[in-house]
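With the hints as constraints, model all of the structure from the sequences given.
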Amino acid sequence: MSDAIFGTWEWYVAGPLLGAFVPLLLLINNRQLGISSSFMQFCSLFLPAKSQQFLQVDRQKDRWKFYFAIGIALGGFIAANFLSSEKVAFLPGKYYEMPGLLLLFCGGILIGFGTRYANGCTSGHAIMGLSLLHWPSLKATIAFFAGGLAYTYF
Amino acid sequence: MNFIYGITGVLFGIILTKSEVVSWFRIEKMFRFQEAHMYLVIASAIAVGAFSVAILKKLQLRSLQREKLNFAGKTETKGFVIGGFLFGIGWAITGACPGPIFSQIGAGVWPALVTLSGALCGVYLYSTVRSKLPH
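For the protein sequence lines, the chains are A and B, in the order given.
Per numbering that gives the first Met the number 0, the first sequence starts with residue 0, numbered consecutively.
Per numbering that gives the first Met the number 0, the second sequence starts with residue 0, numbered consecutively.
Do not take every clue at face value.
[What the hints assert, rightly or not] Result set (DSBU-like, lysine-lysine): computed pairs, CA atoms no more than 30 Å apart in a straight line:
1. B/Lys-131 x A/Lys-60
2. B/Lys-131 x B/Lys-57
3. B/Lys-56 x A/Lys-60
4. A/Lys-60 x B/Lys-28
5. B/Lys-56 x A/Lys-86
6. B/Lys-57 x B/Lys-67
7. B/Lys-77 x B/Lys-131
In case anyone wonders, no lab produced these hints; they're calculated from the structure.
Okay, structure coming up:
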């Protein structure tokens with residue numbers, strides 16, 4: 000029993016629980032699951048966004064994602080410190096020093112740029128979009144995998 | 000209300016972290032087809048999400064604020080494929096999509112702060128060149 004909680008959660012536990020956030024957020028206040036647009040909330044805090052039309056537009060509507068994202072970080076903290084019997088490595092050692100950190104930064108740029116251009120990420124398109132059987136989101140999801148496969152094999 | 004979104008996020012972050020979908024190693028094994036874990040997590044999440052949406056539609060449920068539920072999909076642009084592809088590369092490099100970046104940070108993986116900084120720069124870059132891109 001303790002293994003089921005303090006060890007790695009199996010897919011048949013985690014997957015359905017993640018999927019349950021689709022109806023949960025809709026019922027709470029008509030929100031569609033999505034995370035990448037929270038970046039714009041952070042951007043408008045840290046970067047000179049006054050002149051950026053795009054950053055201004057969605058700020059009010061997506062304000063909740065700021066709190067959702069902060070919650071996710073807190074959830075990561077709780078999971079790693081109070082719900083894990085042993086420490087799990089999430090990144091290879093090379094990413095803790097140069098030039099790995101530079102690679103992470105470049106990867107981050109691609110994530111920020113790509114998710115805004117695609118208007119969604121794994122949660123917004125793959126989980127939320129496909130839950131709505133919205134086929135353009137399938138195109139986006141396939142594109143995510145194509146990009147990942149291209150990097151992995153080339 | 001913001002407090003409720005925060006709590007919802009905490010639960011979401013715990014699940015992401017405990018199922019290790021925030022791990023670079025899991026993402027690597029997914030793209031190398033060495034492990035079914037990621038595929039099964041994502042597929043079962045979609046299955047439950049789609050099933051729930053079907054039920055919500057069938058029962059014509061409303062939100063707690065009595066609003067009609069928003070089932071509208073996102074408006075398609077050329078960015079779905081181009082931006083999606085770029086994001087996919089970033090996902091494979093960093094081992095994190097946007098949610099996991101935050102849970103990695105919370106879990107004490109400090110390099111994820113660098114990933115987040117990059118992502119914010121990427122968003123800013125996009126907003127700067129947006130008008131020149133095909134949509």
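Now for the hints, and whether the structure bears them out:
1. B/Lys-131 x A/Lys-60: Measuring from Cα to Cα gives roughly 25 Å; hence the hint holds.
2. B/Lys-131 x B/Lys-57: Status violated; Cα separation ~43 Å.
3. B/Lys-56 x A/Lys-60: holds (23 Å)
4. A/Lys-60 x B/Lys-28: violated (36 Å)
5. B/Lys-56 x A/Lys-86: Between B/Lys-56 and A/Lys-86 the Cα gap is close to 42 Å, so the pair fails against 30 Å, i.e. violated.
6. B/Lys-57 x B/Lys-67: holds (13 Å)
7. B/Lys-77 x B/Lys-131: holds (13 Å)
The structure shown violates the earlier hints numbered 2, 4 and 5.
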